[in-house]
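Take the sequence shown: its letter number 198 is residue 601 in our numbering, and every next letter is one higher.
It is worth saying that the hints were derived from the structure and are not from the lab.
Mixed in with the good hints, there may be bad ones.
Claimed, not checked - Computed Cβ-Cβ distance ranges for the label pairs, DEER-style:
#  : residue 1 : residue 2 : range
1  : 583       : 410       : 28 to 34 Å
2  : 583       : 760       : 52 to 58 Å
3  : 554       : 657       : 26 to 32 Å
4  : 418       : 545       : 51 to 57 Å
5  : 725       : 658       : 31 to 37 Å
6  : 546       : 411       : 50 to 56 Å
7  : 554       : 487       : 39 to 45 Å
8  : 658       : 529       : 19 to 25 Å
9  : 546       : 783       : 56 to 62 Å
10 : 531       : 404       : 34 to 40 Å
11 : 762       : 531       : 40 to 46 Å
12 : 410       : 529       : 32 to 38 Å
13 : 576       : 749       : 44 to 50 Å
Said to hold, decoys possible - Keeping only pairs whose Cα atoms sit at most 30 Å apart, straight-line, the calculated DSSO-like set for lysine-lysine is:
#  : residue 1 : residue 2
14 : 655       : 559
15 : 427       : 504
16 : 661       : 503
17 : 503       : 655
18 : 503       : 529
19 : 681       : 645
20 : 437       : 427
21 : 529       : 606
22 : 517       : 606
23 : 559       : 659
24 : 473       : 427
25 : 503       : 517
26 : 724       : 559
Note that the structure is a prediction, hence the values are computed from the model and not measured.
For every residue, glycine included, the Cβ atom is placed at its ideal position computed from N, Cα and C.
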Amino acid sequence: MASIVNDPGGRRRILFVGDDDRRKAIRLGKIDRKTAEVVARHVEALVTFRSCGRPVPRETTVWLEGVGPKVRNRLVAVGLVEPVHRLTINEYLDMWLAGKKAAGHKPTSMRAWKQTSTAIQGQFGKKLLSTVTHADGESFRAAMQNRDLRDTTVHKRLGHARQMLEDAVRLGHLEVNPWRHVRHRGGDPSDRRRYVTVDEVEKVIENCPSIHWRLLVALSRFGGLRVPSEAFLLRRTDLDWKRGRLRVPSPKTEGKGKPVRVIPIFPLLRPYLEEAIKAAGDGNDYIFPEEWRQRANGDGGWGGVNMRTTLTKIVVRAGLKTWPRIWHALRSSCESDLAQSFPLATVVKWLGNTVGVAMRHYVDATDEAFDRALDWRPAKGSGAKSGAQTAQNPAQRGAARNRDDSQYSSQDQWPEGATRNTTTCDETLREGQRECMGIEPTESVVHTPRWF
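Let the sequences and hints guide you as you build the complete structure.
Written out as C-alpha cells, the structure is:
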C-alpha cells in the first residue's frame, strides 16, 4: 500500500514498501491533497506490478506518458519505472545514417545525406531530439545562407533535414516534424548551365591523352551518358552495330526499375566507339580499363572516381575557358541539341531522365534556334496551330533524310502503287508514330503505308 504523509509547509510525500522489502519515499513538494491521492494510486499500481507481476492498468500507463520529467525522475530513482533514454540529435542522425547504409543506398546518396547530417550536428551539438523546434530549423537555414551556399544547395539540404525528422516521427521519436514548414526557394539551375558547342568539344577531344579519354568525352557530349557511372559499365556486348544502337547501363535509375536504356549510335559518336573497340582487342569485355572502375570501390562510389580534375586540365590545354559542372554541361548540351530535332518524349527516353527534369536542368535554347527564329513568321490566318505545324515540319523532314522512306505532307500524292483505305490521316499518323517509336500495334490497327 502507498500512503500519503503531510510534511510541514504544505509539502507531501508518498511512502511505500518496494519489492526489496525496504521503505521508500517519493517527495512531491507542495501539492494539494487530491493530486497527491492520484499520484499515490498510480504508485500503488506500479508497486503491485513490480512485486507481483500484475499488468499495469491502462490508466497508469497513460498517466506515465503525460507525467512531467520531474516526477518521472523521482519514480526512476525509487525503481518504479525504467529510465527513458532520450536521443540527442547526434545519436539519432548517426543511427539514421547507419540504417540507410544497411538498407543498401548508393554511396552518392550517402555522401549527400552525410553532408547535411554533419552540418546539423555541427550547429546543434548534443541538443535533445525532442527539444528541436521550428526556430532551430530557421536558424539552420540562416547558417547555410551565411556560409554563402547556393540557393539550390540550401533547398536540397533542408529537404534532406525534413526527411530525417519525418523518419523520426515515423519511428516514434517525435510527435510532429518541427521543420515541416522550414523551406527555401531553390535557385535557377540555368545559372550554372553552359552550352558547349561541337567545335569546342572537338578541340577538347584533340587534346585528350588517350583513346579512352577521347571516347569518354564523346560519350558525354555526343551520346548524353552520365560520366563515370554509365560510361565505365559499358561492355562490348552492349553495342549493336547492325541496328546502330547502344545499350547503356544506368545505376542512377535502376532503383526506379530502369536499369538500362537504349540510345542510337549517333554519327558523331560512332568513330570514337570503333576506335576504342579496335584498340581493345578481343580479350576485354568492358570497353574502359579495369583500373578506372576500381576507383569506384571506395566509400565515395562513383563520386570518388574524380574524372573532373583531368578533364579540367584537358580543357585548359585546348585553349578554352573551363565551365561550371564540367561533365554535366556536356550531357546537357547533348540533350539541348537532340531536343531541337526530336520529340522531347523520345529524347528523355534516350538520356534517362524526365521531361520536367530535362526542362529544368538540361535543355536550353541554342544559338542556332535563335538564329532560325529571326526569319520565322506564323502562317497567315492559321493561328497557333499553323505555327506549331511550321515548326514541326523541318524536324520531320530532317528525320526523313535519315531514313530510306520518303516524307509526304497531308496534301501530297500517295506513292505509286499504294492504296489509300478508309483509315483517316490522323489515325495513320498515330500508327506511324507508334511504329517509329517501337511500340507494338494491336491486331485491330489497320496497317497503312508510312507517308510522314
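Tested hints:
1. Checked against the hint of 28 to 34 Å, the pair residue 583 and residue 410 fails, with Cβ atoms roughly 47 Å apart.
2. The beta-carbon spacing between residue 583 and residue 760, approximately 25 Å, falls outside the hinted interval of 52 to 58 Å.
3. The given range of 26 to 32 Å is respected by residue 554 and residue 657, whose C-beta atoms sit roughly 30 Å from each other.
4. The hint said 51 to 57 Å for the Cβ distance between residue 418 and residue 545, and at roughly 53 Å that hint holds.
5. Residue 725 and residue 658 have their C-beta atoms about 32 Å apart, which keeps the hinted 31 to 37 Å range intact.
6. Checked against the given bound of 50 to 56 Å, the beta carbons of residue 546 and residue 411, roughly 52 Å apart, stay inside it.
7. Between residue 554 and residue 487, the C-beta spacing of about 40 Å keeps the proposed range 39 to 45 Å intact.
8. Under the hint 19 to 25 Å, the C-beta atoms of residue 658 and residue 529, about 35 Å apart, miss the expected range.
9. Judged by the Cβ atoms, the range 56 to 62 Å given for residue 546 and residue 783 holds: they are separated by roughly 59 Å.
10. For the hinted restraint 34 to 40 Å between residue 531 and residue 404, the CB-CB distance of approximately 37 Å keeps it satisfied.
11. Taken as a hint, the range 40 to 46 Å holds for the pair residue 762 and residue 531, whose Cβ atoms sit roughly 44 Å apart.
12. Range check, residue 410 to residue 529: about 37 Å between beta-carbon atoms, so the 32 to 38 Å window is met.
13. Restraint check, residue 576 to residue 749: a C-beta distance of roughly 47 Å satisfies the suggested window 44 to 50 Å.
14. A hinted pair counts as satisfied when its Cα atoms are at most 30 Å apart, and residue 655 with residue 559 qualifies at roughly 18 Å.
15. Taking the CA atoms of residue 427 and residue 504, the gap is about 47 Å. The hint is violated against a cut of 30 Å.
16. For the hint pairing residue 661 with residue 503, the CA-to-CA distance comes to about 21 Å; that is within 30 Å, so the pair holds.
17. With a C-alpha separation of about 17 Å, the suggested pair residue 503 and residue 655 falls inside the 30 Å cut-off, and the hint holds.
18. Restraint check: the Cα-Cα separation between residue 503 and residue 529 comes to about 22 Å, which is no more than 30 Å; the hinted pair holds.
19. For the hint linking residue 681 to residue 645, the alpha-carbon distance of about 17 Å falls within 30 Å, and the restraint holds.
20. Restraint check: the Cα-Cα separation between residue 437 and residue 427 comes to about 21 Å, which is no more than 30 Å; the hinted pair holds.
21. Only pairs whose Cα atoms come within 30 Å are accepted, and residue 529 paired with residue 606 is rejected, the gap being roughly 54 Å.
22. Only pairs whose Cα atoms come within 30 Å are accepted, and residue 517 paired with residue 606 is rejected, the gap being roughly 38 Å.
23. A distance of roughly 20 Å separates the Cα atoms of residue 559 and residue 659; the hinted pair therefore holds under the 30 Å criterion.
24. Using a Cα cut-off of 30 Å, the hinted pair residue 473 and residue 427 holds, with the two alpha carbons roughly 17 Å apart.
25. Straight-line distance between C-alpha atoms of residue 503 and residue 517 comes to about 11 Å, which keeps the hinted pair within the 30 Å bound.
26. Taken as a hint, the residue 724 and residue 559 pair is honoured in the structure, with Cα atoms around 29 Å apart against an allowance of 30 Å.
Of the numbered hints stated above, those contradicted by the structure are hints 1, 2, 8, 15, 21, 22, listed in ascending order.
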